[in-house]
Amino acid sequence: MKKAPGTALSRAKNDSYRKRLFKNIKSHPLLYVMILPVIAYFVVYHYYPMYGLVISLFNYVPTKGIWKSDFVGLKNFSDFLSDPYFFRTMRNTIVINLQMLLFGFPFPIIFAILLNELAAIRLRRFTQTVTYMPHFISSVVICGLMLNFSGTNGVITSIICNITGQEASNLFSHSDYFQPLYVLMCIWQEFGWDSIIYFAALSGLDPALYEAADIDGANRWKKIIHITIPGISPTIIILLILRIGNMMTLGWDKIILLYNPMIYEKADVISTYVYRIGLLNFQYSFATAVGFFNSVINFTLLMVANTISRKVNDTSLW
Amino acid sequence: MNKIVKVKSKSHGREKITGFQVINTTIMLFLIFVTVYPLYHVLVASFSDPILLMSHTGPLTKILGKATLAGYIKTLSNKSLLTGFRNTLFYIVVGTSLQMALTSFAAYTVSRKNFMLRNAIMKFMIFTMFFNGGLIPLFFAIRNTGIYNTIWVSSIPYAVSVYNVIIMKTFFESIPESLEEAAIIDGANDFKVFYKIILPLSKPVIAVMILYYGVGQWNSWFPAAMFTRDRVLYPLQLILREILIENSSQSADNLLEAIQDTYAKELVKYCTIVVSTVPILVVYPFLQKYFEKGVMIGAVKG
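Protein chains in written order, with my numbering: chain G, 1 to 318; chain X, 1001 to 1302.
No wet-lab data here; the hints were simulated from the structure.
Among the hints, a few may not be true.
Said to hold, decoys possible - Computed beta-carbon distance windows for the label pairs: (1) G:Pro84 / X:Thr1068: 48 to 54 Å; (2) G:Pro84 / X:Lys1079: 51 to 57 Å; (3) G:Val33 / X:Ala1207: 36 to 42 Å; (4) X:Phe1191 / G:Lys19: 40 to 46 Å; (5) G:Met262 / X:Val1278: 43 to 49 Å; (6) G:Asp83 / X:Leu1281: 24 to 30 Å; (7) X:Phe1020 / G:Asp216: 15 to 21 Å.
Quantities reported herein were computed from a predicted structural model and do not represent experimental measurements.
Think of the CB as a built atom: it goes at the ideal place given N, C-alpha and C, for glycine as much as any other residue.
Given only the sequences and the hints, what does the whole structure look like? Please build it.
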């Protein structure tokens, strides 16, 4: 974190920093004792794996160790770019995430605003309790249910077949159904829970604003557009940035649970591909390169979103 | 549902019923229905006749045929499911304790104004929220630290959630400093301040954290699936995955049993979902306010 000591001045500064640190350790040794296991944890399970990314530059063989393996430079990265599955996994990752962003992100906001407008307080409470519930059901059970409902005799299948008049068959054997079903499932599970934070923001809005609007004769829509939405927009923006920052990594454990080789065409994303080639096929270096690709895009998206938001409306993560 | 609508119009009272309220109420009732129906379907199916269930198509409104507990008997006699339950309980106790200890240590130290490295440590932790080495390097970290294929894979590598540290730190910082000052004058050291003053005053946030981590452990299947090989170590969720998703067949001794198994399979799936989901859904309404509180405390920082 500190700049390299170049001049005499900065060296003096560094010295005094070290002195202050020693003094601090001496006067609060127990704080340092307490933080030590935490630092150790982060070093071993977060920063050491980051260092482990270097195996993407080698043809890593675990028995040889990293530095004795053959150095191949960026070959693994260029291999991925010319990989037959590169386009497929990239496209699916982006398309699924965009759908989640487009439909999954606004849904809890709209839900929170609508529920907040509901006159019946007890129904409001009841709706909240019920819609938070799926958040606590495990992903394995949710995905199991989804597969069951989309089977040949399933509920969702029968609804879809009634509408389209098709013959009933397992929806998860048609690649075209995967993405909409996946997105719907994720929204079903999380919209209630995700709305809590907006409720918190809504309850923090000043009632005087609404009273003033009433006096001015504003109707419900005017009040929502001019008071409610501007009032919760800082919350919306922060969550949007966080969402974009997690875009590439979110929810792929559920994809592993749901997908099958028949629908890889539409369901296989970068993370699931990394899992298959890395842990199932043991191509460690190549899988690490593919995963690194993912992390970098993810981090870049976060930085871009954060920068834009700071420029446009002064809200940012840091 | 009828009852709810009545409650609505009663508490509504003064304000006249507008078109908007009618539409809005309808939307909410629809969302409630969509949320509850799948759970209702599972519950009803789990008591149904297995053969009728096999041939049934589409939504269920009531128990098919004569109500039977056959599925539950078969489900509960499944040894690996019970092992999974036991393992998960163990992982919850051990994992959550470890996570609580490290998270509260981290939150406490970075909330101390006289801890010189607090900003640096905070940055050090937050960076990991947004960038990580990915699956394969984590796999090697786990292998090289000797916890691959042990009971520790779902707790040690996930010991601290930075998000939870932020929530806890925010709470600790809201405790008035004057309370600690008296203790410090009496000669209490930093650790004593932590467990004699800060922890007793932080019961709400501790409850929230235990719930977050506990539920996380209950639902966790991913680390165990990636980083263990021995089936005896599997948590409940991995066993559920075998039953619900991978359709693993039960061991049948003869043809007749095998045929019965095929029929019972659907039924057993539903019963398994009920058995594995009911514990958490039963306690959930009582804990809801704590969960909400957690989100709120986090939102302050947000």
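Violated constraints from the hint list, given by number and in increasing order: 2, 3, 4, 5, 6
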